[in-house]
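Enquirer: Input sequences plus hints: build the corresponding full structure.
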Amino acid sequence: MQYALFLFEDESTFFSLSEDEQMAIVQEHMAFSEELQAAGAYVTGVALEPAETARCLKAKGDIEDGPFADTKEQMGGVYVINAGSMAEAEAWARKCPVHKSGGTIEIRPVPDYGNA
Amino acid sequence: MATPEPSETDARAAAEWAARTCYGKLMAQLTAQYSDVTLAEDVLADAFASALTTWPERGVPENPEAWLMKAAARKAVDAARRADTAARHARAARPLMMTADIAPSERDGPLNRDRRLELMFLCAHPAIPAPAHTALMLQTVLGFTAEDIAAATLESPAAVGQRLTRAKRLLAKGRIPFAIPPDHIRQERIAAVLRAIYAAYTSGWENIAGGADPETGLATEAEWLMRCLIRQVPDNAEAKGLLALILYCESRRKARQDSAERYIPLTDQDTALWDEPRIAEATALLTEAGKMQVPGRFQLEAAIQAVHAARRQTGRTDWSMICKLYETLQAFTDSMGARIGYAATLLQLGKVDEATDLLNEMPHKRISQHAPFWAVRGHAMKTAGDRDEACENFRHAANLTRNTATRDWLLAQASKR
Numbered sequence: 001m002q003y004a005l006f007l008f009e010d011e012s013t014f015f016s017l018s019e020d021e022q023m024a025i026v027q028e029h030m031a032f033s034e035e036l037q038a039a040g041a042y043v044t045g046v047a048l049e050p051a052e053t054a055r056c057l058k059a060k061g062d063i064e065d066g067p068f069a070d071t072k073e074q075m076g077g078v079y080v081i082n083a084g085s086m087a088e089a090e091a092w093a094r095k096c097p098v099h100k101s102g103g104t105i106e107i108r109p110v111p112d113y114g115n116a
Numbered sequence: 117m118a119t120p121e122p123s124e125t126d127a128r129a130a131a132e133w134a135a136r137t138c139y140g141k142l143m144a145q146l147t148a149q150y151s152d153v154t155l156a157e158d159v160l161a162d163a164f165a166s167a168l169t170t171w172p173e174r175g176v177p178e179n180p181e182a183w184l185m186k187a188a189a190r191k192a193v194d195a196a197r198r199a200d201t202a203a204r205h206a207r208a209a210r211p212l213m214m215t216a217d218i219a220p221s222e223r224d225g226p227l228n229r230d231r232r233l234e235l236m237f238l239c240a241h242p243a244i245p246a247p248a249h250t251a252l253m254l255q256t257v258l259g260f261t262a263e264d265i266a267a268a269t270l271e272s273p274a275a276v277g278q279r280l281t282r283a284k285r286l287l288a289k290g291r292i293p294f295a296i297p298p299d300h301i302r303q304e305r306i307a308a309v310l311r312a313i314y315a316a317y318t319s320g321w322e323n324i325a326g327g328a329d330p331e332t333g334l335a336t337e338a339e340w341l342m343r344c345l346i347r348q349v350p351d352n353a354e355a356k357g358l359l360a361l362i363l364y365c366e367s368r369r370k371a372r373q374d375s376a377e378r379y380i381p382l383t384d385q386d387t388a389l390w391d392e393p394r395i396a397e398a399t400a401l402l403t404e405a406g407k408m409q410v411p412g413r414f415q416l417e418a419a420i421q422a423v424h425a426a427r428r429q430t431g432r433t434d435w436s437m438i439c440k441l442y443e444t445l446q447a448f449t450d451s452m453g454a455r456i457g458y459a460a461t462l463l464q465l466g467k468v469d470e471a472t473d474l475l476n477e478m479p480h481k482r483i484s485q486h487a488p489f490w491a492v493r494g495h496a497m498k499t500a501g502d503r504d505e506a507c508e509n510f511r512h513a514a515n516l517t518r519n520t521a522t523r524d525w526l527l528a529q530a531s532k533r
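Note that the protein sequences, when read in sequence, are chains R and F. Counting in the working numbering, the final residue of the first sequence is number 116, and the numbers go up one at a time with none missing. Counting in the working numbering, the final residue of the second sequence is number 533, and the numbers go up one at a time with none missing.
Please keep in mind that the hints were generated in silico from the structure rather than gathered at the bench. Treat the hints with care, as some may be off.
[What the hints assert, rightly or not] Some chain F residues judged to face chain R by a derived CB distance under 7 angstroms, without partners named:
hint, residue
1, H241
2, G290
3, I292
4, P293
5, P298
6, D299
Yeah, the Cβ is synthetic: ideal placement off N, Cα and C, and Gly gets one too.
Expert: What follows is the structure in structure tokens.
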């Protein structure tokens, strides 16, 4: 079963870090991805540009600047992983750098519609 | 052990014995070497085919396991030569060089490490949909064909074949490692292996007459897999719990039918026919598991069976204890069996309304084709005095049951007025 991990963090914290510190976090994500791969748990992962770059297409056809949810923490990336249960997905989330630096991770099961 | 003039029957028996005892071990070893389940299966099948032609002529080798391993490795070289794609060639060639590095004595000796646990983890990997775990395990660890699995699980061979093909494609695509999972998810992954073995066991148990072996279905295989697993994860309480559960149920196999092959429900069974050594082993396992203080679904289910087993000594069944255990079990699993068992226990305690409510709340989609549900509902209706509804439920249960003895018993319940 696949699970998506949506990573939420206060972007301003990340951008207030020095370049070396930012690179260290990127390295942690790479190590996390490698760990997922070594266990056969990695499906995919993407990092996102800052929330201010987002544009939203509204139902009426209008385009608005900024992310859909205007919150203190912004979505910064997504991992999709293989896990045997929600508990196992949670165990992976605990190892994610975003959790270690105080962010929130939303974990959602990805339904399997049988096409592989 | 090499016989001078072996008959073809001897050779065939030896090959079958080897297939039964070391198929999984060889598959594990080959999969570890080539990182390719399909290739491992192909070369092992070829090796067994050579055994069947070579052993009658030259005798059964001293060490059939080592012989088969060598034969499979040779087949892998052939396969690599024939292979069209460079990728497969590279995969097969690299480990072969590694094999060549090993000293001949070691190469010819017994396999130095049993890697069946890794193979079980591979089969129950979360990249593969859970319903395929059991089938994949039966095929790779025990050497079942898609037809064998289909016969035991009442699915069509085509459906099983498709499921297996898809599972193997996912294994290859996801580059699923042949390894023991990391610490932080190991317990969860062992749980997936246990679920797959449990599914194999229950498919055998519910189709006593329809399994791969008409007498025992997949029960023997499940028991064997559990023994193999426990040797490798001796510190897992739930693994001990599941083996205890299987042993308690298997201890009653002889008592489940009378001399005329009629079905006898648990409460009417002659406890003298129960297999005492199995009960003793189950009790010991459950006690060991309990000491670890990690409760779980399988330990609770085994505990329920332990209470039933106590009837052999006490002559009575402690239904209120069973009821408490079922109540606790509901928090650990949403399985249909656990709820149906709970409802049946409530009936034993005279709580007909509670039992009926519990049954009626179960999702229709999951129980409409499930014979035990309709059998227990039949009892509930009968106890409540609704004879017509009871009769209809028992008939429905009978129609969903393939085992003749159980079906006859259900039909008899339906005609009782």
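Enquirer: State for each hint whether it applies.
Expert: Each hint tested on the structure:
Against a cut-off of 7 angstroms between C-beta atoms, the interface hint on H241/F holds, since the closest Cβ of chain R lies about 6 angstroms away. The beta carbon of G290/F is positioned within 7 angstroms of a beta carbon in chain R (closest approach about 6 angstroms), and the interface hint is therefore held. The closest approach between the C-beta of I292/F and any C-beta of chain R is roughly 4 angstroms, which is under the 7 angstroms cut-off, so the hint is satisfied. Taken as an interface hint, P293/F checks out: its beta carbon lies about 5 angstroms from the nearest beta carbon of chain R, inside 7 angstroms.
Satisfaction of the interface hint for P298/F is found here, the shortest Cβ-Cβ separation to chain R being roughly 6 angstroms, below the 7 angstroms cut-off. The closest approach between the C-beta of D299/F and any C-beta of chain R is roughly 10 angstroms, which is over the 7 angstroms cut-off, so the hint fails.
Of the numbered hints stated above, the single one contradicted by the structure is hint 6.
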